[in-house]
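Line order of the protein sequences matches chains A and B. Start counting the first sequence at 106; every next residue gets the next number (this note's numbering). Start counting the second sequence at 227; every next residue gets the next number (this note's numbering).
By construction, these hints were calculated from the structure, which means they are not laboratory data. Think of the CB as a built atom: it goes at the ideal place given N, C-alpha and C, for glycine as much as any other residue. Incorrect hints may appear among the rest.
[Said to hold, decoys possible] Which residues of chain A face chain B? A partial, calculated answer using Cβ under 10 Å:
1. 146
2. 150
3. 193
4. 208
[Unchecked claim] Below, in silico cross-link-like pairs of lysine-lysine (DSS-like), each with a Cα-Cα straight-line distance of 25 Å or less:
5. B:297 - B:235
6. A:161 - A:172
7. A:202 - A:172
8. B:283 - A:202
9. A:161 - A:202
10. B:297 - A:202
11. A:202 - A:175
12. A:141 - A:172
13. A:161 - A:173
14. B:296 - A:141
15. B:309 - B:240
16. B:296 - A:202
[As the list claims (entries may be wrong)] Far from chain B, by Cβ distances over 10 Å, these chain A residues were calculated:
17. 149
18. 159
19. 160
20. 166
21. 167
22. 172
23. 173
24. 176
25. 183
26. 188
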Amino acid sequence: GEDVEQSLFLSVREGDSSVINCTYTDSSSTYLYWYKQEPGAGLQLLTYIFSNMDMKQDQRLTVLLNKKDKHLSLRIADTQTGDSAIYFCAESCGYNKLIFGAGTRLAVHP
Amino acid sequence: DGGITQSPKYLFRKEGQNVTLSCEQNLNHDAMYWYRQDPGQGLRLIYYSQIVNDFQKGDIAEGYSVSREKKESFPLTVTSAQKNPTAFYLCATEGTGAATLSNQPQHFGDGTRLSIL
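Between the sequences and the hints, there should be enough to build the whole structure, so can you do that?
In structure tokens, the structure reads:
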């Protein structure tokens, strides 16, 4: 069945780059998403990439997609304390269905 | 402002009680979803509705019920049959249909945290 996997924790120093990785199993996924969740809040859409693209850049965020290896990454440049949150990778599987990873908790320290 | 409103923010359930979580949207989106989030896990789909008066079971529908009488509203009832209801519940919407030819990501409300008394 469909599955999305992410590492659970990442710790970075303020000002460094963060790279959050994700692997997925459904090769027919059309879109892949990154969401951010702050404590006690809902999910905020950060960015998404269409499956025929290799890279998408949006200000400090860079998404890389390796479709052959079914690997997705989110790079956050110049990471700030406000970036501390849980980041979810999700793949679209069929009409209106998203499969989420368990989330990566990003901790940013001085 | 356009958005998704979930209420209440916190809810407590007694043994044998049914409780209803509210989700209202003014984004004019056709599709609405309910997810459950447990600590250290991703979101799991409970129910979804693509159009008024129609809804489908998700992956973990047992012990839950929904209705979709209006486009703006998609309430979720957690019944007494749900033996482990303690979780964070998230409602999402998505624009669909002929008017939305490009990708329409799902947008989320701020969630309701349900606990057992």
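Are all C-beta atoms of chain B more than 10 Å from that of residue 173 of chain A? holds (22 Å)
Residue 193 of chain A as an interface hint toward chain B, with CB separation required under 10 Å: holds (6 Å)
Compute the least Cβ-Cβ separation between residue 166 of chain A and chain B, then decide whether it is above 10 Å. Answer for residue 166 of chain A: holds, closest chain B Cβ roughly 15 Å.
Whether residue 183 of chain A stays farther than 10 Å from all C-beta atoms of chain B, as the label says: It holds; residue 183 of chain A is separated from chain B by about 25 Å at its closest Cβ, greater than 10 Å.
Satisfaction of hint between residue 173 of chain A and residue 161 of chain A, Cα-Cα up to 25 Å: This hinted pair holds, its Cα atoms lying about 17 Å apart.
Examine each Cβ of chain B, and state whether all of them lie more than 10 Å from the Cβ of residue 149 of chain A. violated (7 Å)
Are the Cα atoms of residue 202 of chain A and residue 172 of chain A separated by 25 Å or less? holds (19 Å)
Quick one, are residue 161 of chain A and residue 172 of chain A close enough, alpha carbons at most 25 Å? holds (14 Å)
Does residue 176 of chain A clear chain B by more than 10 Å, comparing its Cβ with all Cβ atoms of that chain? holds (17 Å)
Does residue 150 of chain A pass the interface hint, meaning its C-beta sits closer than 10 Å to a C-beta of chain B? holds (5 Å)
Would you say residue 167 of chain A is clear of chain B, with no C-beta pair closer than or equal to 10 Å? holds (18 Å)
Hint validation: residue 208 of chain A versus chain B, beta carbon distance must be below 10 Å. Holds or violated? At about 6 Å, which falls below the 10 Å cut-off, the nearest Cβ of chain B leaves the hint on residue 208 of chain A intact, so it holds.
Hints 14 and 17 from the list above are not met by this structure, while the remaining hints are.
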